[in-house]
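**Student:** Chains X and D supply the protein sequences, listed in that same order. Taken in order, the first sequence gives residues 1 to 484; the numbers are from the numbering used here. Taken in order, the second sequence gives residues 1001 to 1418; the numbers are from the numbering used here.
It is worth saying that the hints were derived from the structure and are not from the lab. Where a beta carbon is used, it is the ideal one built from N, C-alpha and C, also for glycine. Check each hint, because a few of them may be wrong.
Covered by chain D, according to a simulated footprint, are these stretches of chain X (three or more residues, beta-carbon under 8 Å) [claimed, not checked]: (1) 40 to 50; (2) 304 to 317; (3) 320 to 334; (4) 413 to 420; (5) 454 to 461.
Anything over 12 Å on all C-beta distances counts as not near chain X; from chain D, calculated [said to hold, decoys possible]: (6) L1291; (7) S1317; (8) G1405.
Between beta-carbon pairs, the in silico distance windows are [claimed, not checked]: (9) D1165/D - S68/X: 32 to 42 Å; (10) P1077/D - S68/X: 49 to 59 Å; (11) F466/X - K1120/D: 18 to 28 Å; (12) V297/X - V1044/D: 17 to 27 Å; (13) M1054/D - Y250/X: 30 to 40 Å; (14) V237/X - V1044/D: 26 to 36 Å; (15) L396/X - V1034/D: 28 to 38 Å; (16) L57/X - L1197/D: 42 to 52 Å; (17) S135/X - V1034/D: 18 to 28 Å; (18) V237/X - F1085/D: 49 to 59 Å; (19) R1162/D - M473/X: 51 to 61 Å; (20) A373/X - V1044/D: 33 to 43 Å.
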Amino acid sequence: MSDTHAQTVPFVRETMLPPADPPLREAGAVRWLRENLFSGPANTVLTILGFLIIWFLVSHFWDWIAHSVWNADSLADCRRIIAETWGEGARGACWAVIRERWNQYVFGFYPVELYWRPTMAFGLLFVALTPVLFSASVMIRRIVLVLTTVLTLWAMTVLGAPAVWLAFAAVVLVGALAVSERRVSWLLVFSILYPLMGVWFLWGGSAWGPVMVLMGPVLGWIAWRLLSGLSPMAAAVAALVVPVLWWLLYAGTAARDAEALVSLAIPAVASDRFGGFLLSITIGVAGIAMSLPLGIVLALARRSDMFLVKSLAVIFIEFIRGVPLIALLFVASLLLNYFLPPGTTFDIILRVIIMVTLFAAAYMAEVIRGGLAALPKGQYEAADALGLDYWKAQRLIVLPQALKISIPGIVSTFIGMFKDTTLVTFVGLYDPLKSMSDAVRASTSWKGIYWEPYIFVGAIFFLICFGMSRYSMYLERRLARDHR
Amino acid sequence: MTDVRAPQNASFRPSMLIYDRRYRSLTFQVIVFVLVMALAWWLVNNTIQNLAAMGKTFNFGFLWQRAGYDIPQTPIPYTSDDTHFRAAVVGLLNTLIVSVLGCIAATVLGIVAGVARLSKNWLIARLMTVYVEAFRNMPLLLWILIVFAIFTEVMPPPNAFRGDDPSASMILFDHVALTNRYTAIPTLAMTNDPGSLDLGARITFNWATLAFAAVLIGGWLARRAINRWAQDVQDRTGVRPTTWWMSLAVMTVPSLLLIWYFGLHLVAPELRGFNFTGGLNVQNGLVALWLALTLYTGAFIAEIVRAGILAVSRGQSEAAFALGLRPRRTMSLVILPQALRVIIPPLISQYLNLTKNSSLAIAVGYMDIRGTLGGTTLNQTGRELEAILLMMGVYLTLSLIISAGMNVFNARVKLKER
Chain X
1 MSDTHAQTVP FVRETMLPPA DPPLREAGAV RWLRENLFSG PANTVLTILG FLIIWFLVSH
61 FWDWIAHSVW NADSLADCRR IIAETWGEGA RGACWAVIRE RWNQYVFGFY PVELYWRPTM
121 AFGLLFVALT PVLFSASVMI RRIVLVLTTV LTLWAMTVLG APAVWLAFAA VVLVGALAVS
181 ERRVSWLLVF SILYPLMGVW FLWGGSAWGP VMVLMGPVLG WIAWRLLSGL SPMAAAVAAL
241 VVPVLWWLLY AGTAARDAEA LVSLAIPAVA SDRFGGFLLS ITIGVAGIAM SLPLGIVLAL
301 ARRSDMFLVK SLAVIFIEFI RGVPLIALLF VASLLLNYFL PPGTTFDIIL RVIIMVTLFA
361 AAYMAEVIRG GLAALPKGQY EAADALGLDY WKAQRLIVLP QALKISIPGI VSTFIGMFKD
421 TTLVTFVGLY DPLKSMSDAV RASTSWKGIY WEPYIFVGAI FFLICFGMSR YSMYLERRLA
481 RDHR
Chain D
1001 MTDVRAPQNA SFRPSMLIYD RRYRSLTFQV IVFVLVMALA WWLVNNTIQN LAAMGKTFNF
1061 GFLWQRAGYD IPQTPIPYTS DDTHFRAAVV GLLNTLIVSV LGCIAATVLG IVAGVARLSK
1121 NWLIARLMTV YVEAFRNMPL LLWILIVFAI FTEVMPPPNA FRGDDPSASM ILFDHVALTN
1181 RYTAIPTLAM TNDPGSLDLG ARITFNWATL AFAAVLIGGW LARRAINRWA QDVQDRTGVR
1241 PTTWWMSLAV MTVPSLLLIW YFGLHLVAPE LRGFNFTGGL NVQNGLVALW LALTLYTGAF
1301 IAEIVRAGIL AVSRGQSEAA FALGLRPRRT MSLVILPQAL RVIIPPLISQ YLNLTKNSSL
1361 AIAVGYMDIR GTLGGTTLNQ TGRELEAILL MMGVYLTLSL IISAGMNVFN ARVKLKER
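Isolated chain X, as found in the complex (with noise of 0.2 Å):
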């Protein structure tokens, strides 16, 4: 082009051409189909094949959940509407089996008139969580404290809830929003004493009974600073001796004394009245509080120096791993009573929450096995060199970490074990998804409905496990120490 000029060139543009448009494809929703749908041969296939399995579920079951009912009392009931509204033959969902059976799916055979004790119980639970799991702003504390207070006074006083308790649930919901705007880890005293507390509210009977069991540490605390002036070792072990000997020999006797001198009861509520989703719930949550704790001691004596406690973790995790969780629900129902002293009963809910923990507390402890592994042993070294004993090591250096890293494997452990809770059908609880499901196709109104309880349960067992993968999500990221 080196013999070009100026001069013979025929036109120079000397004005901008203003910006074009990109062409049609590629911009705009032609250019994300183009990109995401169809890039290639292979792609489109995929992409058709996609919308097949889509379109032959929407022809499948549109219909299906287009005439669905939600007022009816039986299924012949839910049939006759569909084909007076449809036309004869027409296909219809009959969600008015959950709108009748709610009660029983939520509350089990749980006695009507205390129905609010439950969702008492239920809306305290959230405050004993706020400490541990929202006490990173006070905002998301605000929500979850306000909505909470509303929906559960709410619901209580729907139920019917005596002003008496209606008033205790408001001044501790209304006192732990005034104390969470404050100082948030005093909340965590009323999460100690919140598992004594729900279990009182959830079986009822004499209030002296979970006080007699919290008195165990408080004898121990006592014992301790009695004798700790003497011999600090004998002041150690007085206060692991004491609590448990008086656990043992005088909490029941205690207990029923100060009942017959100062009553203190209200209903009891016997475990076979238990079902539903309080009964997942009630499961799921206990197993939840003890897993994590009893999986961290796990893990530690895993990878323990001393011979023996190390042995013992690997034979009790492997163990527990090595077996199917119905085994050792049917351990618990039908073997506990040769293991333990002739004549002793002991609760069918009480022994299969403690199966329950076992089980998931073996999964946990591999879990945090994994976490603790990971941290570099730096951290280790770096405990060691600043003078910290195991103790002090393990709580402020190395578990902070290794629980960090290991949280999704710890909430997927919660999540199964929280779906798990439905095996409890097989040792005659009346969970929500399969007894509770028979037992509402038992009746006649409701004989032949398969689909839309299953549906059902299983939407609730969804919201919930995605909402602690999400909450597990959420908590990584808040904890995330790295700058990446």
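Based on the hints, put chain D in the right spot on chain X.
**Tutor:** Using the frame of chain X, we list chain D on its own:
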């Protein structure tokens, strides 16, 4: 040189058991040992007392009594006149059948779904996300019940296939019939049956099965030998001989010859009277359990596969391309070996989970070991203690065998570190 350590000649005091690190761990272990022994003694003692109070003994003699109940699906010959022991073995085999079938299908499904979830295709990736999240967040029991209900409630009864204008039709070119009682699938038959090897106790192995097993193992060994030879040639000359057709030949030709020799062919089920005959009528409990286990575990395996592939950094494939490797060899030589290293340990635990979850057969009435030994046998003999301990022992052994086998495999593929 000054010795800065504490003087060793200090006399022993009891408090050193706690404060001296030399003795502390010993003290602690002794305490733990005493406590564990006390607990064990307490449990055993209680059990002995309870057994005595109930007038029961602890022995496994009941295993050799007549079982007296039928099992719908028996991989080895079994009648109700056989012993409880044989019933337990039948149950164990049923557990193994559903577990092995489930592991294979779940692996295939999981790999497909895991890769598809990483696909650039927006629709496929979303569909797979929905699949994975739905199955991971709902109980397995729900899926088992739903799949089983689909079979028992939606599928037509066998007689719906009858007549000139039947209301139901068989699928897969008239080879499989889905009915509300069983799934009729084709069986294999031979025109030239070589007879069976009798192992005693009415357990037989067809010679043809053994021949196929031998030929497959031989083909695999031959393929390894060919690869070794090719590697050897490549090391010496720098040129790798083309081996794919040799490998293909040693893997397939002997089997094809055997198929021709034995006259192996499929026999499709046919409706005779009220039921399908000729094929194999698989109980719907097994099919539903297998499908549900596959779909459920497949979702977990999909996540594992996805995580494994994402764990291989992009630099690895870029480096392989820079070295001039073609995409296929990049995948097989660079990406997969590294992804497998991440995938295999969690995959093992999924196989273990699937095997243990197969005990949910209780929900669909499939007679696995929980259904025979831990179910009907337990109820008939009233030997809870022995039956459940034995059943747990069996599951424990299975788990240990699976994890041992997979650990050997894992040791072979894992990163060789110094």
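**Student:** If a hint holds in the structure, say so; if it doesn't, say that too.
**Tutor:** Taking the hints in turn, this is what the structure says about them:
no.: 1; hint: 40 to 50; in the structure: holds (count 5)
no.: 2; hint: 304 to 317; in the structure: holds (count 6)
no.: 3; hint: 320 to 334; in the structure: holds (count 10)
no.: 4; hint: 413 to 420; in the structure: holds (count 3)
no.: 5; hint: 454 to 461; in the structure: holds (count 4)
no.: 6; hint: L1291; in the structure: holds, 15 Å
no.: 7; hint: S1317; in the structure: holds, 19 Å
no.: 8; hint: G1405; in the structure: holds, 14 Å
no.: 9; hint: D1165/D - S68/X: 32 to 42 Å; in the structure: holds, 34 Å
no.: 10; hint: P1077/D - S68/X: 49 to 59 Å; in the structure: holds, 51 Å
no.: 11; hint: F466/X - K1120/D: 18 to 28 Å; in the structure: holds, 26 Å
no.: 12; hint: V297/X - V1044/D: 17 to 27 Å; in the structure: holds, 25 Å
no.: 13; hint: M1054/D - Y250/X: 30 to 40 Å; in the structure: holds, 32 Å
no.: 14; hint: V237/X - V1044/D: 26 to 36 Å; in the structure: holds, 27 Å
no.: 15; hint: L396/X - V1034/D: 28 to 38 Å; in the structure: holds, 31 Å
no.: 16; hint: L57/X - L1197/D: 42 to 52 Å; in the structure: holds, 49 Å
no.: 17; hint: S135/X - V1034/D: 18 to 28 Å; in the structure: violated, 41 Å
no.: 18; hint: V237/X - F1085/D: 49 to 59 Å; in the structure: holds, 51 Å
no.: 19; hint: R1162/D - M473/X: 51 to 61 Å; in the structure: holds, 55 Å
no.: 20; hint: A373/X - V1044/D: 33 to 43 Å; in the structure: holds, 36 Å
In the structure shown, a violation is registered for the earlier hint numbered 17 alone.
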